[in-house]
Amino acid sequence: MSVLVYTENWEGKFKKLTFELVSYASEIAKMVNSSVTAVSIGKVDETELRKLGNYGAAKIISIENNHLSTLDNQAYAIVLGEIAQKETASVIVLSNNNTGKAVAPRLSVRLKAGIGSGVSKLPLSIIPFTLYKRTYSGNAFAHVVIKSEIKILTLAQNSFSLIETGSSATIVKMDIPVDSYLIKTKVNDVHKQTGRILLTDADVVVSGGRGMKSPDNWAPLVELASVLGGATACSRPVSDEGWRPHEEHTGQTGKIIAPNLYIAVGISGATQHLAGISSSRYIVAINTDKDAPIFEAAQYGIVGDAMKVLPKLVTAVKELKK
Amino acid sequence: MKILVCISNVPDTTTKIKFTEGNRSIDTAGIQWVINPWDELSLTRALELKDDPANGIKSVTVAHVGPGSSEPTIRKALAIGADDGIRINSESADAYYVAAQLAEVIKKEHFDIVLCGIESSDFNGSMVGGMISEYLGIPSVSAVSGIKIENGQPILIREIDGGKEVVSVPAPFVAIVQKGIAKEPRIAAMRGIMMTRTKPVKVFEPVAAEPLTEITIFEKPAPRTACKFIDAENPAQLIELLQNEAKVI
Ligand SMILES: Cc1cc2nc3c(=O)[nH]c(=O)nc-3n(C[C@H](O)[C@H](O)[C@H](O)COP(=O)(O)OP(=O)(O)OC[C@H]3O[C@@H](n4cnc5c(N)ncnc54)[C@H](O)[C@@H]3O)c2cc1C
Ligand SMILES: Nc1ncnc2c1ncn2[C@@H]1O[C@H](COP(=O)(O)O)[C@@H](O)[C@H]1O
Numbered sequence: 001m002s003v004l005v006y007t008e009n010w011e012g013k014f015k016k017l018t019f020e021l022v023s024y025a026s027e028i029a030k031m032v033n034s035s036v037t038a039v040s041i042g043k044v045d046e047t048e049l050r051k052l053g054n055y056g057a058a059k060i061i062s063i064e065n066n067h068l069s070t071l072d073n074q075a076y077a078i079v080l081g082e083i084a085q086k087e088t089a090s091v092i093v094l095s096n097n098n099t100g101k102a103v104a105p106r107l108s109v110r111l112k113a114g115i116g117s118g119v120s121k122l123p124l125s126i127i128p129f130t131l132y133k134r135t136y137s138g139n140a141f142a143h144v145v146i147k148s149e150i151k152i153l154t155l156a157q158n159s160f161s162l163i164e165t166g167s168s169a170t171i172v173k174m175d176i177p178v179d180s181y182l183i184k185t186k187v188n189d190v191h192k193q194t195g196r197i198l199l200t201d202a203d204v205v206v207s208g209g210r211g212m213k214s215p216d217n218w219a220p221l222v223e224l225a226s227v228l229g230g231a232t233a234c235s236r237p238v239s240d241e242g243w244r245p246h247e248e249h250t251g252q253t254g255k256i257i258a259p260n261l262y263i264a265v266g267i268s269g270a271t272q273h274l275a276g277i278s279s280s281r282y283i284v285a286i287n288t289d290k291d292a293p294i295f296e297a298a299q300y301g302i303v304g305d306a307m308k309v310l311p312k313l314v315t316a317v318k319e320l321k322k
Numbered sequence: 001m002k003i004l005v006c007i008s009n010v011p012d013t014t015t016k017i018k019f020t021e022g023n024r025s026i027d028t029a030g031i032q033w034v035i036n037p038w039d040e041l042s043l044t045r046a047l048e049l050k051d052d053p054a055n056g057i058k059s060v061t062v063a064h065v066g067p068g069s070s071e072p073t074i075r076k077a078l079a080i081g082a083d084d085g086i087r088i089n090s091e092s093a094d095a096y097y098v099a100a101q102l103a104e105v106i107k108k109e110h111f112d113i114v115l116c117g118i119e120s121s122d123f124n125g126s127m128v129g130g131m132i133s134e135y136l137g138i139p140s141v142s143a144v145s146g147i148k149i150e151n152g153q154p155i156l157i158r159e160i161d162g163g164k165e166v167v168s169v170p171a172p173f174v175a176i177v178q179k180g181i182a183k184e185p186r187i188a189a190m191r192g193i194m195m196t197r198t199k200p201v202k203v204f205e206p207v208a209a210e211p212l213t214e215i216t217i218f219e220k221p222a223p224r225t226a227c228k229f230i231d232a233e234n235p236a237q238l239i240e241l242l243q244n245e246a247k248v249i
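If you're matching them up, the sequences are chains A and B in order.
No gaps in the numbering here: position 75 of the first sequence is 75 in the numbering used here, and each next residue is one more.
No gaps in the numbering here: position 63 of the second sequence is 63 in the numbering used here, and each next residue is one more.
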């Protein structure tokens, strides 16, 4: 029996979210009296693989196979399904990121395993296997029982703290043959943005709304994000107007994020916007209207003009970092 | 080529969610049901593709798993421009069950492109599309933010961490779509509304499938602590609190 965790890498490196996943999987392993097996697909060197041990993985299965160098959902599900059976996995954990969302449902049908998606907490109980899950875009939470023998969980990013165990893992290289005819996804072209912190990875996010008034006013907001080591985001009308790039749009129809700190500047706090950010650990609102609904979601607020407040915040952070 | 758009219906996001039966189900009284926003956008994109004869799209069908009471959702999609509709006459027990129903219909009716949304805003599952593809053993592409047809071949754009990929897969396939797929949802014009009555909706009875998950109880989100206000003249105090009280910077 084992708890299986899929540890994705980015050009051979793991991210914080990978370690969050392994920490989460180890806590579940304790609850079900089992141990964690991590599965890595792709070229990852041994030093990097060893890091997974420090978060509680007992065994690491490393698969290098050229056919799996691009994400083919079907092939990945076959490979992970096969390992799950070999390792008699009772629980399988993936990230709720693009890859997890692409692969988990296929794995579910393959293994007849029920899914709890986007969870942010440990199961409430093991018998029955009960999860706590956000529903209705954050307007309600549900207790969900998974009735199948194997359970699949996808963990929301930035929702579980890292737990270092100081232990080490055994690394097993495994070859799962994958027929080339099986790979149906052909990647014709790749466009990568570089040099910026990804919105979904950021611990701090500074976000602007229509209250920023004009695309020319963004400099102090971008600077605040930069001095805080964070990323920038925006509300939907801002990206619709073309003031900011579409990748920054957060909310029900944009990105759903959960940073440690979300600073909403000139954003009113419509339910559709809150749907994308309400899982943030701390929300700060800066708004001229003291009755703006964003203040109901925020822990800290400043009633004031963004253009006056932002430069002062930048100065204060710079003072602090001195 | 034939396109199928899977549509779910969800409470309008501004609806206050209330529960009944000791918090075991949601109170449907007073709920304004809408087509799941992603599905509205998928449908819009499917219709845009069909508008250009060069793309060779023969028809755009919508399918929904739901009881008779959700018929208006299908009619709305027909009014927007779908050619015909399919309803699988059943409550949607869970994603695994719903996907089994849709997969069965796709097997019977043969579609080349199946479009599903990245998630429905009720249970925020992000599952049905991927599950359908595995039931059928066909390719799936997730996080799709664009689709076009080039020389009879569908070309998809999928979002990856920090970028985009242009990918192709052989039909039939399932595309799981998200932001970017279409700009604004197409709305029903008067002519479309008049036409819906003449458009066929096939009703299928469900096949046997066992749900794997069950919601046992709902809870309201925990109330946030009251907002602490900081004087606009002294924003440095905010930075102090974020560092020493919240400990997030
Ligand atoms: C189906 C659907 C999906 C949607 N999805 C999303 C989504 O994903 N994300 C999203 O964001 N929206 C979404 N929306 C739109 C949403 O309903 C709101 O219209 C939108 O979030 C409002 O954006 P805003 O807060 O930037 O602008 P506004 O609501 O116009 O708010 C601007 C705020 O700025 C304040 N302000 C003005 N001047 C200043 C100043 N000088 N300094 C500081 N504050 C100032 C004002 O008091 C006001 O509170 C969706 C809507 C629908 C119908
Ligand atoms: N009852 C349903 N009938 C038809 N399609 C559905 C249904 N439920 C979900 N879907 C499709 O699956 C997508 C993702 O839903 P979910 O997996 O529930 O988050 C939706 O955007 C729809 O395309």
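Incorrect hints may have been included.
To be clear about the criterion: a stretch of chain B counts as covered by chain A if any three or more of its residues have a C-beta under 8 Å from a C-beta of chain A, and this derived list gives those stretches [as the list claims (entries may be wrong)]:
1. 3–16
2. 94–107
3. 130–137
4. 210–216
Here are the simulated DSBU-like pairs of lysine-lysine, each with C-alpha atoms no more than 30 Å apart in a straight line [what the hints assert, rightly or not]:
5. K108(B) with K312(A)
6. K228(B) with K121(A)
7. K220(B) with K147(A)
8. K147(A) with K107(B)
9. K58(B) with K186(A)
10. K186(A) with K108(B)
11. K308(A) with K148(B)
12. K13(A) with K247(B)
13. K228(B) with K290(A)
14. K108(B) with K51(A)
15. K58(B) with K184(A)
16. K108(B) with K50(B)
17. K247(B) with K184(A)
18. K173(A) with K184(A)
19. K148(B) with K255(A)
20. K184(A) with K107(B)
Don't read these hints as lab results, they were simulated from the structure.
No experiment lies behind these values; they were computed from the predicted model shown.
Every residue gets a Cβ at the ideal spot worked out from N, C-alpha and C, and that includes glycine.
Consistency of the hints with the structure:
Counting residues of the region 3–16 of chain B whose C-beta lies closer than 8 Å to any C-beta of chain A gives 4; at least three are required, and the coverage claim holds. Check on the region 94–107 of chain B: 4 of its residues sit with their Cβ under 8 Å from a Cβ of chain A, so the three-residue criterion for coverage holds. With a threshold of 8 Å between beta carbons, the proposed coverage of the region 130–137 of chain B by chain A holds, since 6 of its residues qualify and at least three are required. Under the rule that three or more residues need a Cβ within less than 8 Å of chain A, the assignment of the region 210–216 of chain B holds, with 6 such residues.
Among the hinted pairs, K108(B) with K312(A) is inconsistent with the structure: their alpha-carbon atoms are about 64 Å apart, more than 30 Å. The straight-line distance between the Cα atoms of K228(B) and K121(A) is roughly 27 Å, inside the 30 Å bound, and the hint therefore holds. For the suggested pair K220(B) and K147(A), the alpha carbons sit about 24 Å apart, so the restraint of at most 30 Å is met. Note on K147(A) and K107(B): the hinted pairing holds, with a Cα-Cα distance of about 27 Å set against a maximum of 30 Å.
With a CA separation close to 25 Å, the supplied pair K58(B) and K186(A) stays within the 30 Å bound. Between the alpha carbons of K186(A) and K108(B) the distance comes to roughly 28 Å, so the proposed pair stays at or under 30 Å and holds. A hinted pair counts as satisfied when its Cα atoms are at most 30 Å apart, and K308(A) with K148(B) does not qualify at roughly 46 Å. Between K13(A) and K247(B), the direct Cα distance comes to roughly 28 Å. Compliance with the 30 Å bound is thereby established for this hinted pair.
With a CA separation close to 12 Å, the supplied pair K228(B) and K290(A) stays within the 30 Å bound. Simply put, K108(B) and K51(A) have alpha-carbon atoms about 49 Å apart, too far for the 30 Å limit, and the pair is violated. For a cut-off of 30 Å, the pair hint linking K58(B) to K184(A) stands: about 24 Å separates their Cα positions. The suggested pairing of K108(B) with K50(B) holds, with an alpha-carbon distance near 22 Å, which does not exceed 30 Å.
Note on K247(B) and K184(A): the hinted pairing is violated, with a Cα-Cα distance of about 47 Å set against a maximum of 30 Å. Distance restraint check for K173(A) and K184(A): the Cα-Cα separation of roughly 25 Å lies within the 30 Å cut-off, and the hinted pair is therefore satisfied. Restraint check for K148(B) and K255(A): the C-alpha separation of about 23 Å stays at or below 30 Å, so the hint holds. A hinted pair counts as satisfied when its Cα atoms are at most 30 Å apart, and K184(A) with K107(B) qualifies at roughly 20 Å.
In summary, the structure is inconsistent with hints 5, 11, 14, 17 from the numbered list given earlier, while agreeing with the others.
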